[in-house]
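Visitor: Chains as they are written, first to last, in the numbering used here: chain Z, 1 to 227; chain P, 1 to 89.
Since the hints were derived computationally from the structure, they do not count as laboratory data. For clarity, every value in this text was computed on a predicted model and none was experimentally measured. Some hints here could point you the wrong way.
Unchecked claim - No farther apart than 30 Å at their CA atoms in a straight line, the calculated lysine-lysine pairs in the BS3-like style are these: (1) Z:47 - P:41; (2) Z:112 - P:78; (3) P:69 - P:34; (4) P:58 - P:32; (5) P:32 - Z:223; (6) P:41 - P:72; (7) P:34 - Z:112; (8) P:50 - P:15; (9) P:50 - P:72; (10) P:50 - Z:223; (11) P:72 - P:18; (12) P:69 - P:41; (13) P:41 - P:78; (14) P:69 - P:58; (15) P:25 - Z:47; (16) P:41 - P:18; (17) Z:44 - P:41; (18) P:25 - Z:112; (19) Z:44 - P:58; (20) P:15 - P:72; (21) P:15 - P:32; (22) P:15 - Z:44; (23) Z:47 - P:58; (24) Z:44 - P:34; (25) P:58 - P:78; (26) Z:223 - Z:44; (27) P:50 - Z:115; (28) Z:115 - P:58; (29) P:78 - P:25; (30) Z:223 - P:72; (31) P:15 - P:78; (32) P:78 - Z:223; (33) P:50 - P:78; (34) Z:119 - P:32; (35) P:50 - P:32; (36) Z:224 - P:41; (37) P:25 - Z:224.
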Amino acid sequence: MVLYSFPTLNVGIGAEILYSFVIIFCSLMVYFGTRELYNLSSYKGLKYFRLAFLFFAIAYFFRLLIQVAVNYFGLHEILEIYPLEAGYLFLFIFIYFSSMSIFYLIYSLLWKTLKDNSKIIYLFHAVAIVISLATIIFDNSWFYIGLNVALLISAGIFVYLSSHNPRFKSKKNRFDRVYILLLIFLVLNIINILVPIFFETVKLLIYLFSLSVFFVILYRVLKKSGD
Amino acid sequence: MAKRGRLEILEDTLKVIKENRNSIKPTVLLRKSKMSSSRFKEFYAELLEKGFVDEIRKGDDRFIRLTEKGFKFLERYKTIVEFIEEFEL
């Protein structure tokens, strides 16, 4: 199904590269900035939180590769690239790491409730692979959007449930809103790669809000980890 | 009384060693750690394996002392707990 384009506010490839680099930098700063706390504590929640940001960084790196390839070869989408296998591989890796980053983030909040069951991690990997395969098999814009909205709603429900965990009832500055914003912008960024014209008019705004969310997280991480 | 978490037990145990001039016999540590003998054995093996403590011998006696990592953990314990609470992990 074809999605029709609206009047566009163009974001050049230079801005795309800069945007991806800043997100990758922030994610890696979160990952490495919490290394000492994890090495000392071996705390499972910290492990999954760090992995979520490492996977964010890898996902955004492949997102950048896809955008550079699409721009360089003047394509409409990465699946037009030759040889076709390269396009499928890039897209598969991007969707797999994006999905796993969402799952790791959710699991970092829920691992205690789920009694740190390692089978759930295997299930997440399996679901991420299925999502990635489905994305490249069903080459359909509405399927991509529906899948990601479903993923976002499920993730939102999990974050909501975890934030209503009695352990954190007394806390004043709850972080769940930042997590939900992070998930929303991650999903918008995935849709933006899969269906480039869908958010053409508001792309710049999505980028600016995504950067703001990452900056807030990075600031809080660096402040709290004492680095 | 609320059940102590793994990190809290770790902090309590390392603190006992530190407050004992960083040299304590395993039997004394067991008594002060408020753990069962089997639980302590398991926990102590983990402390050694992860490098929070090491053992020194003085004659026939064994003494436990904190390593640099053990001291570092005590120094950073509050930060670790605050981080976990802040991010709801």
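Visitor: Any hints this thing doesn't respect? Which numbers, in order?
Guide: 5, 15, 18, 19, 23, 25, 28, 34, 36, 37
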